[in-house]
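The sequence shown begins at 1 in full-length UniProt numbering and counts up by one.
Hint data in this document are derived by calculation from the structure and do not stem from the laboratory. Every residue, glycine too, gets a C-beta built ideally from N, C-alpha and C. Careful, some of the hints might be misleading.
[To be verified] Below 25 Å or equal to it, Euclidean Cα-Cα: the simulated SDA-like pairs (lysine to any residue) are:
id : residue 1 : residue 2
1  : LYS43     : SER128
2  : LYS43     : TYR70
3  : LYS43     : SER117
4  : LYS43     : ILE144
5  : LYS72     : PHE152
6  : LYS137    : PRO110
7  : LYS43     : GLY94
8  : LYS137    : SER117
9  : LYS137    : ASP54
10 : LYS72     : SER39
11 : LYS137    : PHE75
12 : LYS72     : ILE45
13 : LYS43     : ASN93
14 : LYS68     : LEU106
15 : LYS72     : PHE163
16 : LYS68     : PHE142
17 : LYS68     : LEU136
18 : LYS72     : ILE144
19 : LYS43     : ARG78
20 : LYS137    : LEU164
21 : LYS68     : SER39
22 : LYS43     : ILE162
23 : LYS137    : SER61
24 : LYS72     : SER117
25 : LYS137    : SER80
[Claimed, not checked] Here are the simulated distance ranges between beta carbons:
id : residue 1 : residue 2 : range
26 : ASN40     : PRO130    : 40 to 46 Å
27 : HIS139    : ARG118    : 20 to 26 Å
28 : ASN150    : PRO130    : 15 to 21 Å
29 : ARG118    : SER96     : 31 to 37 Å
30 : SER39     : ASP82     : 26 to 32 Å
31 : GLY116    : LYS137    : 17 to 23 Å
32 : ASN150    : THR124    : 18 to 24 Å
33 : LYS68     : ASN40     : 16 to 22 Å
34 : VAL33     : LEU129    : 18 to 24 Å
35 : ASN150    : ASN93     : 32 to 38 Å
36 : LYS72     : VAL52     : 18 to 24 Å
37 : LYS137    : GLN79     : 38 to 44 Å
38 : PRO103    : ASP38     : 30 to 36 Å
39 : THR124    : THR97     : 37 to 43 Å
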Amino acid sequence: MPAKSATGIRLGAPSMTHEVSHPADTQEDYWPVHTACDSNTIKVIYSSCDPVQDVGFTLSSCTDIRTKPYAKASFLLRQSIDEFYLSVELFLNGVSTLRHDEPICLPNFPRFTFCGSRRGEMITIQASLPGLKIPLKGHYNFKIHGINQNGFQIGCVNATAIFL
């Protein structure tokens, strides 16, 4: 059954419904919690929620995160991604605030260079993000889950950004 986005639009992907509790409270015992940034104004931690593999994640320095944020994630593909569907859920101070499902790679419409990558390849995704226009406060927890055309989990990450 195709998944629905937060707006109720069917995406044509295999179902992406899964139990999601507060990411900061569900750090499975699979992988350690990594610190991407830790300063007196922000702390960013993350952990892979994939039982088979960890994820490497780099963030711009803590001092640049509000003005020139930059993120880079790397992982080894265990399955090919002719199609790739991403689900992101955001919790603000423990309350589910946003859920977004997005087809990232579709047949005959490869939006990114990693679309069409094969099993065994190392995938690196890097992006410059828009700077923060308003000061943020609180705990922002993210659950990011990606699957391929066969419903195989490609990656899963729980991340928390704490703005002080």
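Taking the hints in turn, this is what the structure says about them:
| no. | hint | result |
| --- | --- | --- |
| 1 | LYS43 - SER128 | holds (19 Å) |
| 2 | LYS43 - TYR70 | holds (15 Å) |
| 3 | LYS43 - SER117 | violated (33 Å) |
| 4 | LYS43 - ILE144 | holds (18 Å) |
| 5 | LYS72 - PHE152 | holds (22 Å) |
| 6 | LYS137 - PRO110 | violated (36 Å) |
| 7 | LYS43 - GLY94 | holds (16 Å) |
| 8 | LYS137 - SER117 | violated (38 Å) |
| 9 | LYS137 - ASP54 | violated (29 Å) |
| 10 | LYS72 - SER39 | holds (19 Å) |
| 11 | LYS137 - PHE75 | violated (30 Å) |
| 12 | LYS72 - ILE45 | holds (14 Å) |
| 13 | LYS43 - ASN93 | holds (14 Å) |
| 14 | LYS68 - LEU106 | violated (30 Å) |
| 15 | LYS72 - PHE163 | holds (20 Å) |
| 16 | LYS68 - PHE142 | holds (20 Å) |
| 17 | LYS68 - LEU136 | holds (15 Å) |
| 18 | LYS72 - ILE144 | holds (14 Å) |
| 19 | LYS43 - ARG78 | violated (31 Å) |
| 20 | LYS137 - LEU164 | holds (6 Å) |
| 21 | LYS68 - SER39 | holds (16 Å) |
| 22 | LYS43 - ILE162 | holds (5 Å) |
| 23 | LYS137 - SER61 | holds (18 Å) |
| 24 | LYS72 - SER117 | holds (18 Å) |
| 25 | LYS137 - SER80 | violated (39 Å) |
| 26 | ASN40 - PRO130: 40 to 46 Å | violated (23 Å) |
| 27 | HIS139 - ARG118: 20 to 26 Å | violated (38 Å) |
| 28 | ASN150 - PRO130: 15 to 21 Å | violated (34 Å) |
| 29 | ARG118 - SER96: 31 to 37 Å | holds (35 Å) |
| 30 | SER39 - ASP82: 26 to 32 Å | violated (41 Å) |
| 31 | GLY116 - LYS137: 17 to 23 Å | violated (41 Å) |
| 32 | ASN150 - THR124: 18 to 24 Å | holds (23 Å) |
| 33 | LYS68 - ASN40: 16 to 22 Å | holds (19 Å) |
| 34 | VAL33 - LEU129: 18 to 24 Å | holds (22 Å) |
| 35 | ASN150 - ASN93: 32 to 38 Å | holds (36 Å) |
| 36 | LYS72 - VAL52: 18 to 24 Å | holds (21 Å) |
| 37 | LYS137 - GLN79: 38 to 44 Å | holds (39 Å) |
| 38 | PRO103 - ASP38: 30 to 36 Å | holds (35 Å) |
| 39 | THR124 - THR97: 37 to 43 Å | violated (29 Å) |
In summary, the numbered hints that this structure violates are 3, 6, 8, 9, 11, 14, 19, 25, 26, 27, 28, 30, 31, 39.
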